[in-house]
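Chemist: One letter stands for each residue in the lines below.
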Amino acid sequence: MPLDHRRVPGPEESQSPLLFVPSSAQDGEAPPAQEASRDPTALQPLFARVGLLSQAKGSAYVELDGGTKVLCAVAGPREAAGGGGGGGGEPRGRLVCEFRRAPFSGRGARSRPGEREPELSLALQEALEPAVRLARYPRAQLEVSALVLQDGGSALAAALCAAGLALADAGVELYDLVAACALCRPPSGGEWLLQPREAEERAAAARLTVALLPSLNQVAGLLGSGQGGAPDSWAQALRLALDGCQRLYPLLRQSLLRAAKRAATAEPSEEEDAAEAPAATTGT
Amino acid sequence: MAPARYCVPGERLCSLEEGTPGSGTYTHHGFIFASLAGCFMKKSENGMLPVVSVMRDVDSQLLPDVGATVTCKVCSINSRFAKVHILYVGSTPLKSPFRGTIRREDIRATEKDKVEVYKSFRPGDIVLAKVISLGDVQSNYLLTTAENELGVVVAHSEADVRMVPISWCEMQCPSTHAKELRKVARVQPEFLQT
Amino acid sequence: MAAAGGFRTVEPLEYYRRFLKENCRPDGRELGEFRTTTVNVGSITTADGSALVKLGNTTVICGIKAEFAVPPVDSSNKGYIVPNVDLPLLCSSRFRPGPPGEEAQAASQFMADVIENSQVVMKEDLCIVDGKLAWVLYCDMICLDYDGNLLDACMCAFLAALKNVQLPAVSINEETGLAEVNLKEKTPLTIRKEPVAASFILFDSLLIVDPTAEEEDLATGTVTIVTDEEGKLCAVHKPGGSTLTGAKLQDCISRAVTRHKEVKKLLDKLIKSKKAK
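Residue numbers (the UniProt record's numbering), protein chains in the order written: chain A, 1 to 284; chain B, 1 to 194; chain C, 1 to 277.
Watch out, some of these pointers could steer you wrong.
[Stated by the list, open to error] Derived DSBU-like pairs (lysine-lysine); straight-line CA-CA distance at most 30 Å: (1) 184/C / 132/C; (2) 95/B / 21/C; (3) 232/C / 193/C; (4) 21/C / 73/B; (5) 43/B / 261/A; (6) 163/C / 21/C; (7) 261/A / 42/B; (8) 248/C / 193/C; (9) 73/B / 261/A; (10) 232/C / 274/C.
I should point out that these hints are in silico values taken from the structure, not numbers from a laboratory. These numbers come from a predicted model, not from an experiment.
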């Protein structure tokens, strides 16, 4: 690895202590019983909060019961870098997306800091573009950045939900909100599981993330990977995901309405805000 | 007054037969949908179809649009044009400035051929202008000051004192009494601050 | 109202001076007043220790991950502490995406210097087997909301996260010579010193405490003082800017000492309430 002068260097090599847990002890750790008994269509409880960052135009925080914590901020519209839109045509606005993980967000070894995830950034952008009325922002760009603070599974789906809320909070004109669900198929075959937790996701043979424009009922993004399967199986997964997204929608809508009403009643509720914020992030 | 109804982007508000789409909405398959999160408004005027719109409590950010009056700061000048940063659209501040250009021929309405840029603006001046075009791919917003209400509203003299306008083309420094040339805007009350 | 907002954007310096004349600041604080500070620990379960600190709007999260490494060749009985500050696009649109910019690099280096000089944690305490195995503490501080006074928030988040760290017990298997980790038995770190930072800006020969981002942009200089629990100085950081008289510097130091007491009280209360649970 080349020496990076822009960061404080550590030792050249380090390993996660999890690798040194004796295998006998590890068996006790994993709860295999839970996987079997889980309802594959169950959604993890989701907590969403809109408009909590002061410097961003719009922001949202989404937390899943499995431990996933994602923060998303929207900046702009600002003057597009490098002149107008792509390639001469009508000066349509641009959406620039960034998806990052905090170095401490994953289980096991620390990930290298600042690594952007180009593939997931692109997935984020492609799934959000259909939702944004980009024609309303000629010559400008909107910046969406998502940061995963803790990955407890289904992180991209949570980031998509948060990004949709943050865009709406920023007052960006949208066609619809974005609701997204992740799925994975356990290696033993069997049924697709909705909103997998980290342990399920790690073991999975195939993964799928679906983003939906819920009130228009249009699929905005689809990202799948892993071992192939019968087309029927994937079709079934898609149905399951769409149903999951529709069930998430009321939650997302509520959190946005709450923020809008909070803004309308202005001052007095700000106090309550401050009191509420720490509670939202307390983990025991 | 009935309690305000809030909506989120994507919510179907009504059919096109029941209203005309206003700001913060779009139409799709003959229906009006919300495109902003905010307060739902329906306003009817003398028997016309009511205008359906969604308002945000916080000013939703604007982009400089053709015909909009903008406040900008002059960055640099040359003999053909002045380059400016657009800071405000109407009375709404922009979070980040957009660049604009005021060409020599767009500085004033009459005797266009006699205009000289350096007798109209200086870097640092605060100018009121109107957007005439979004420009093409290479250029940026094109602005004009060819109206009585448009032009320099705040300027500092060489002694770095804020000058007072004394005519449509001159401003005077209150401490040195030196006069400097500007394309002065007819003073608007909201910019009159001590 | 539009006119007042306009004044603030067009002539920010003049706007700010008008407040100072009345001995207050645009957000209603007095010159020597810190913003409300809240601390929250242990919210990130994937980290070995974590803390979220809010200083007014400024928010910094610090996550610490502990890993194994071979001790450095020149000091075989020491572990590593690796602090890094990240200022992502998310926290303010003034930052660009990509590798750490100047401000993030400077903040990382400042944290590294304070850790090295103040001996918060003795690096010898992190050694497991002399010359063979030691702990590395990767301390990543990410700013989530940038509204000025980054260093104070980072320092506070770092200290709180450090107090939250629980390291698993390690034993060496005599047959294989490899380390064995017992995740069920965890112990906290021994914290030797508790550095707390207090930052000031210089503005027209006035000293203003805990600046917001807007105030920092207008300031002609900044000073950061780090003290430990005995009131001893750990670091004085004054990167250029306008000059400061000795008397003023004394003022800064005594304010920093009182600030330390405030923060320590906050942290102690937090740790106590955690233990009660």
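Chemist: Next, verify each hint and record whether it holds.
Modeler: Structure-based check of each hint:
1. 184/C / 132/C: Status holds; Cα separation ~24 Å.
2. 95/B / 21/C: Roughly 28 Å separates the two Cα atoms, so the pair holds.
3. 232/C / 193/C: 10 Å, holds
4. 21/C / 73/B: Holds. Residue 21/C to residue 73/B sits at ~27 Å (cutoff 30 Å).
5. 43/B / 261/A: 21 Å, holds
6. 163/C / 21/C: 42 Å, violated
7. 261/A / 42/B: 19 Å, holds
8. 248/C / 193/C: 26 Å, holds
9. 73/B / 261/A: Roughly 36 Å between the alpha carbons, so the hint for residue 73/B and residue 261/A is violated.
10. 232/C / 274/C: Holds, at about 28 Å.
Checked against the numbered hints given earlier, this structure breaks hints 6, 9; the rest are met.
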